[in-house]
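Trainee: Dock chain B against chain A, hints included.
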Amino acid sequence: MMNRREFNLKLAACTGLGVGIATGLVPVSALASWPTAAFDTENVDDAVNALYGGADAVETDAITFKAPDIAENGRVVPVTINVGLNNIDSIALMVPENPAPLVATFEMSKQSNVSVGTRIKMGKTSPLVAVVKADGKVYTASSKEVKVTIGGCGG
Amino acid sequence: MAIKCKAKLKDGMVEVKALMKHAMETGLRKDSKTGEPIPAHHITEVVCMHNGSELFRCNMGPAISKNPYLAFSVSGPQAGDTLQISSVDNMGETDSGETVVK
Numbered sequence: 005m006m007n008r009r010e011f012n013l014k015l016a017a018c019t020g021l022g023v024g025i026a027t028g029l030v031p032v033s034a035l036a037s038w039p040t041a042a043f044d045t046e047n048v049d050d051a052v053n054a055l056y057g058g059a060d061a062v063e064t065d066a067i068t069f070k071a072p073d074i075a076e077n078g079r080v081v082p083v084t085i086n087v088g089l090n091n092i093d094s095i096a097l098m099v100p101e102n103p104a105p106l107v108a109t110f111e112m113s114k115q116s117n118v119s120v121g122t123r124i125k126m127g128k129t130s131p132l133v134a135v136v137k138a139d140g141k142v143y144t145a146s147s148k149e150v151k152v153t154i155g156g157c158g159g
Numbered sequence: 010m011a012i013k014c015k016a017k018l019k020d021g022m023v024e025v026k027a028l029m030k031h032a033m034e035t036g037l038r039k040d041s042k043t044g045e046p047i048p049a050h051h052i053t054e055v056v057c058m059h060n061g062s063e064l065f066r067c068n069m070g071p072a073i074s075k076n077p078y079l080a081f082s083v084s085g086p087q088a089g090d091t092l093q094i095s096s097v098d099n100m101g102e103t104d105s106g107e108t109v110v111k
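Chains as they are written, first to last, in my numbering: chain A, 5 to 159; chain B, 10 to 111.
For reference, chain A alone in the conformation it holds in the complex (with noise of 0.2 Å):
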């Protein structure tokens, strides 16, 4: 005989198994490899650990951001970053202000003098924070501050 308690328990695990199936549809390199720990953290910290499994930065000036001094709107920045280094496997693009810092990271292989581009939303007024994996260490930059008029995080 099962009680309710015992019932809501199955259900539960039962849910929980559906929800599994269900992700299952999606394409397997896509949930396999998206850092949902880093992407959940609120400072950078948090961040680099979580991708770079607590490995000491080492500041740099091989790392150039281009971005705006005045972003009148937060919702869409342009950032640019260039990387002088070599054999790059991976960079990440953080904005330490963000309710969530990382904005994303860009994986290659062993790349050279790579440049990255995009837009950002921007929360408030923040500097720029790169953190790079190249020939197996880990090296980070900031930028100046981007000063935010119109904030880009809803509300």
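Note that these hints are calculated values from the structure, not bench results. All of these numbers come straight from a predicted model, not from anything done at the bench. You may find that some hints are simply not true.
Claimed, not checked - Each computed BS3-like pair below joins lysine-lysine, with the alpha-carbon atoms no more than 30 Å apart:
1) A:Lys114 <-> B:Lys26
2) A:Lys70 <-> B:Lys17
3) A:Lys128 <-> B:Lys42
4) A:Lys141 <-> A:Lys114
5) A:Lys70 <-> B:Lys19
6) A:Lys70 <-> B:Lys111
7) B:Lys111 <-> A:Lys114
8) B:Lys75 <-> B:Lys42
9) A:Lys128 <-> B:Lys30
10) B:Lys26 <-> B:Lys111
11) B:Lys17 <-> B:Lys111
12) B:Lys17 <-> B:Lys30
13) A:Lys151 <-> B:Lys26
14) B:Lys30 <-> B:Lys15
15) A:Lys70 <-> B:Lys26
16) A:Lys70 <-> B:Lys30
17) B:Lys75 <-> A:Lys151
18) B:Lys15 <-> A:Lys70
19) A:Lys114 <-> A:Lys148
20) A:Lys148 <-> A:Lys128
21) B:Lys30 <-> A:Lys151
22) B:Lys75 <-> A:Lys128
23) A:Lys70 <-> A:Lys141
24) A:Lys128 <-> A:Lys70
25) A:Lys151 <-> B:Lys39
26) A:Lys141 <-> B:Lys26
27) A:Lys148 <-> B:Lys75
28) B:Lys30 <-> B:Lys111
29) B:Lys17 <-> B:Lys75
30) B:Lys13 <-> B:Lys30
31) A:Lys128 <-> B:Lys39
32) A:Lys114 <-> B:Lys19
33) B:Lys111 <-> B:Lys75
34) B:Lys17 <-> A:Lys114
Mentor: Same frame as chain A, but now just chain B:
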């Protein structure tokens, strides 16, 4: 819908530009009439394939602007090569585009 993309060879580096159409909802916004939160709906991954292997991958968070633009320059592909770009969002919707390196 398709991903608009272009690729151009310059000094040995291929400059790829891609433009996607997506609402990129963060999950933080609220419906102005009902006050209900609008669920997050954003692209999570964009992958660029070259000759059957992965050339470049972008894991996107919700902080990428609406109708994402992605540009990158990397080395590898030659003029005349085909690049396939595909995206998938957090609800499993996919999109793709193809371009020939000029």
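Trainee: Does each hint fit the structure? Answer for all of them.
Mentor: Status of each hint after checking the structure:
Distance hint between Lys114 (chain A) and Lys26 (chain B) is fulfilled; the C-alpha atoms sit about 20 Å from each other, no more than 30 Å. For the hint pairing Lys70 (chain A) with Lys17 (chain B), the CA-to-CA distance comes to about 21 Å; that is within 30 Å, so the pair holds. At roughly 25 Å between alpha-carbon atoms, Lys128 (chain A) and Lys42 (chain B) fall within 30 Å of each other, so this suggested pair holds. With a C-alpha separation of about 12 Å, the suggested pairing of Lys141 (chain A) with Lys114 (chain A) holds against the 30 Å cut-off.
Between Lys70 (chain A) and Lys19 (chain B) the CA atoms are separated by roughly 20 Å; this keeps the pair inside 30 Å, and the hint holds. The suggested pairing of Lys70 (chain A) with Lys111 (chain B) holds, with an alpha-carbon distance near 25 Å, which does not exceed 30 Å. Note on Lys111 (chain B) and Lys114 (chain A): the hinted pairing holds, with a Cα-Cα distance of about 23 Å set against a maximum of 30 Å. Proximity of Lys75 (chain B) to Lys42 (chain B) is assessed by CA-CA distance (about 21 Å); at most 30 Å being required, the pair is judged to hold.
Between Lys128 (chain A) and Lys30 (chain B) the alpha-carbon distance is near 25 Å, which keeps this suggested pair within the 30 Å criterion. For the hint pairing Lys26 (chain B) with Lys111 (chain B), the CA-to-CA distance comes to about 12 Å; that is within 30 Å, so the pair holds. Distance hint between Lys17 (chain B) and Lys111 (chain B) is fulfilled; the C-alpha atoms sit about 5 Å from each other, no more than 30 Å. Of the pairs offered as hints, the one joining Lys17 (chain B) and Lys30 (chain B) holds, with about 22 Å between alpha carbons and a cut-off of 30 Å not exceeded.
A threshold of 30 Å between alpha carbons decides the hint, and for Lys151 (chain A) with Lys26 (chain B) the separation of about 26 Å falls inside it, so the pair holds. With a C-alpha separation of about 15 Å, the suggested pairing of Lys30 (chain B) with Lys15 (chain B) holds against the 30 Å cut-off. Our distance criterion of 30 Å between C-alpha atoms is met by Lys70 (chain A) and Lys26 (chain B), whose separation comes to about 17 Å. With a CA separation close to 24 Å, the supplied pair Lys70 (chain A) and Lys30 (chain B) stays within the 30 Å bound.
In summary, the hint linking Lys75 (chain B) to Lys151 (chain A) is supported, as the alpha carbons are separated by about 20 Å, within the 30 Å threshold. For the hint pairing Lys15 (chain B) with Lys70 (chain A), the CA-to-CA distance comes to about 21 Å; that is within 30 Å, so the pair holds. Distance check on the hinted pair: Lys114 (chain A) and Lys148 (chain A) sit about 28 Å apart at the alpha-carbon level, within 30 Å; holds. Taking the CA atoms of Lys148 (chain A) and Lys128 (chain A), the gap is near 14 Å; set against the 30 Å cutoff, the hint holds.
Of the pairs offered as hints, the one joining Lys30 (chain B) and Lys151 (chain A) holds, with about 27 Å between alpha carbons and a cut-off of 30 Å not exceeded. Distance restraint check for Lys75 (chain B) and Lys128 (chain A): the Cα-Cα separation of roughly 17 Å lies within the 30 Å cut-off, and the hinted pair is therefore satisfied. A hinted pair counts as satisfied when its Cα atoms are at most 30 Å apart, and Lys70 (chain A) with Lys141 (chain A) qualifies at roughly 24 Å. A distance of roughly 18 Å separates the Cα atoms of Lys128 (chain A) and Lys70 (chain A); the hinted pair therefore holds under the 30 Å criterion.
For a cut-off of 30 Å, the pair hint linking Lys151 (chain A) to Lys39 (chain B) stands: about 25 Å separates their Cα positions. The hinted pair formed by Lys141 (chain A) and Lys26 (chain B) meets the criterion: a straight-line CA distance of about 28 Å does not exceed 30 Å. About 24 Å separates the Cα atoms of Lys148 (chain A) and Lys75 (chain B), which keeps this hinted pair within 30 Å; it holds. Using a Cα cut-off of 30 Å, the hinted pair Lys30 (chain B) and Lys111 (chain B) holds, with the two alpha carbons roughly 24 Å apart.
Distance check on the hinted pair: Lys17 (chain B) and Lys75 (chain B) sit about 25 Å apart at the alpha-carbon level, within 30 Å; holds. The straight-line distance between the Cα atoms of Lys13 (chain B) and Lys30 (chain B) is roughly 9 Å, inside the 30 Å bound, and the hint therefore holds. Between Lys128 (chain A) and Lys39 (chain B) the alpha-carbon distance is near 18 Å, which keeps this suggested pair within the 30 Å criterion. Distance restraint check for Lys114 (chain A) and Lys19 (chain B): the Cα-Cα separation of roughly 19 Å lies within the 30 Å cut-off, and the hinted pair is therefore satisfied.
A distance of roughly 28 Å separates the Cα atoms of Lys111 (chain B) and Lys75 (chain B); the hinted pair therefore holds under the 30 Å criterion. Proposed proximity of Lys17 (chain B) and Lys114 (chain A) is supported: the alpha carbons are some 20 Å apart, at most 30 Å.
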